[in-house]
Each structure stands twice: as C-alpha cells, then as structure tokens.
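S.K.: Sequence:
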Amino acid sequence: MHTKEQARAKMQRFVDYQNNLIVWNGRGEPDVVIYDHLTEDHPFGWVFYWQVKNIKEDFSNFLAGNGPIIIERDTLNVYKMMTAISTEENIELYKKDKNKLLQLEEDQDGFFDPVNT
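The numbers in the sequence shown follow my numbering, run straight up by one, and end at 106.
Because the hints were derived from the structure by calculation, they are not lab data.
Errors might be hidden in some of the hints.
[To be verified] In silico DSS-like pairs for lysine-lysine, Cα to Cα no more than 25 Å straight-line:
| # | residue 1 | residue 2 |
| --- | --- | --- |
| 1 | Lys87 | Lys69 |
| 2 | Lys89 | Lys69 |
| 3 | Lys(-1) | Lys89 |
| 4 | Lys85 | Lys(-7) |
| 5 | Lys42 | Lys89 |
| 6 | Lys69 | Lys(-7) |
| 7 | Lys42 | Lys85 |
| 8 | Lys84 | Lys(-7) |
| 9 | Lys87 | Lys(-1) |
| 10 | Lys84 | Lys(-1) |
| 11 | Lys42 | Lys87 |
| 12 | Lys84 | Lys69 |
| 13 | Lys85 | Lys69 |
| 14 | Lys(-7) | Lys87 |
| 15 | Lys69 | Lys42 |
[Claimed, not checked] Label pairs and their calculated CB-CB ranges:
| # | residue 1 | residue 2 | range |
| --- | --- | --- | --- |
| 16 | Lys42 | Lys85 | 14 to 24 Å |
| 17 | Asp30 | Arg2 | 12 to 22 Å |
| 18 | Asp102 | Thr72 | 30 to 40 Å |
| 19 | His26 | Asp5 | 27 to 37 Å |
| 20 | Lys85 | Asn9 | 31 to 41 Å |
| 21 | Lys85 | Asn8 | 24 to 34 Å |
| 22 | Val104 | Gln(-5) | 12 to 22 Å |
| 23 | Gln40 | Leu91 | 28 to 38 Å |
Just so you know, even glycine gets a beta-carbon here, dropped at the ideal spot from N, CA and C.
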C-alpha cells in the first residue's frame, strides 16, 4: 500500500511533465497545478484534479481535455479519466474495467506514455 504523499508526488511529476509539454503560443510559461483541495480519497486510490493556476482570474488559457487522474493505492498506476463523462461515471467505469481508461506509465526520462491504447 502506498501513501497519499507518494501518489501526490507522482501526480506532481505528471503535472511537471505537462508543464514541459504544453506549447503556449508565446503567452508565457505554462502554470499547470494540482488542485489539492479537490483531491478525492477512495478505497482504490486517489483522484487528482489539475488545471492552470488562477483559472478563475484568467480563463483565457485554460486546458481542455485534462480529465482527472486516478492513482492507485496498491500500485501507483496512473489512469486518465475521460472528459466526456462525469467523474462519477469514470470511477464506475474504472471499477468495472479499469482498462477502459487510458493507463499512463512513467518512463525513465519522465515521460508518461500510454500503456493500453
């Protein structure tokens, strides 16, 4: 069993990866963050939400397609939720067949690659 702190550290690496990946078309540096106050604790693990910082003040550079992330308690495996359905529906889908969600695996270079495309 892993701790929330270990899962949060992995999520931070994922967010750092996203910050390095995103091209902002000359609008400055990306500032993608984890919204810790929204993190959900479940028996299977944690659901983390991520988006640009200060989205309430500046909606001009929000991210689209950034579904919440499940990080499993037992394995620290990462699953990206779909944005076309609710978080609750994604969780039910995960519980029935987690392979219906995109699993991402962190490689030695810090990239998060799809495992089950």
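S.K.: Hints first: check each against the structure and report whether it holds.
M.R.: So, going through the hints one by one against the coordinates:
A threshold of 25 Å between alpha carbons decides the hint, and for Lys87 with Lys69 the separation of about 10 Å falls inside it, so the pair holds. Our distance criterion of 25 Å between C-alpha atoms is met by Lys89 and Lys69, whose separation comes to about 10 Å. At roughly 21 Å between alpha-carbon atoms, Lys(-1) and Lys89 fall within 25 Å of each other, so this suggested pair holds. Restraint check: the Cα-Cα separation between Lys85 and Lys(-7) comes to about 23 Å, which is no more than 25 Å; the hinted pair holds.
Using a Cα cut-off of 25 Å, the hinted pair Lys42 and Lys89 is violated, with the two alpha carbons roughly 29 Å apart. At most 25 Å may separate the alpha-carbon atoms for a hinted pair to count; Lys69 and Lys(-7) meet this at roughly 17 Å. At roughly 33 Å between alpha-carbon atoms, Lys42 and Lys85 are farther apart than 25 Å, so this suggested pair is violated. For the given pair, Lys84 sits about 20 Å from Lys(-7) by alpha-carbon distance, which is consistent with the 25 Å threshold.
For the hint pairing Lys87 with Lys(-1), the CA-to-CA distance comes to about 19 Å; that is within 25 Å, so the pair holds. Note on Lys84 and Lys(-1): the hinted pairing holds, with a Cα-Cα distance of about 21 Å set against a maximum of 25 Å. Distance check on the hinted pair: Lys42 and Lys87 sit about 29 Å apart at the alpha-carbon level, beyond 25 Å; violated. For a cut-off of 25 Å, the pair hint linking Lys84 to Lys69 stands: about 14 Å separates their Cα positions.
Pair hint Lys85 plus Lys69 holds up; C-alpha atoms about 15 Å apart against a cutoff of 25 Å. Taken as a hint, the Lys(-7) and Lys87 pair is honoured in the structure, with Cα atoms around 20 Å apart against an allowance of 25 Å. With a CA separation close to 20 Å, the supplied pair Lys69 and Lys42 stays within the 25 Å bound. Take Lys42 and Lys85: their Cβ atoms lie about 34 Å apart, and the range 14 to 24 Å is violated.
Distance hint for Asp30 and Arg2: a CB-CB separation of about 20 Å, consistent with the stated range 12 to 22 Å. A C-beta distance of roughly 20 Å is found between Asp102 and Thr72, which places it outside the suggested range of 30 to 40 Å. Distance hint check for His26 and Asp5: the Cβ-Cβ separation is about 20 Å, which falls outside the suggested range of 27 to 37 Å. Distance hint check for Lys85 and Asn9: the Cβ-Cβ separation is about 34 Å, which falls inside the suggested range of 31 to 41 Å.
For the hinted restraint 24 to 34 Å between Lys85 and Asn8, the CB-CB distance of approximately 33 Å keeps it satisfied. With their beta carbons about 20 Å apart, Val104 and Gln(-5) fall inside the hinted range of 12 to 22 Å. Between Gln40 and Leu91 the C-beta distance comes to about 18 Å, which lies outside the given range of 28 to 38 Å.
Hint violations for this structure: numbers 5, 7, 11, 16, 18, 19, 23, all remaining hints satisfied.
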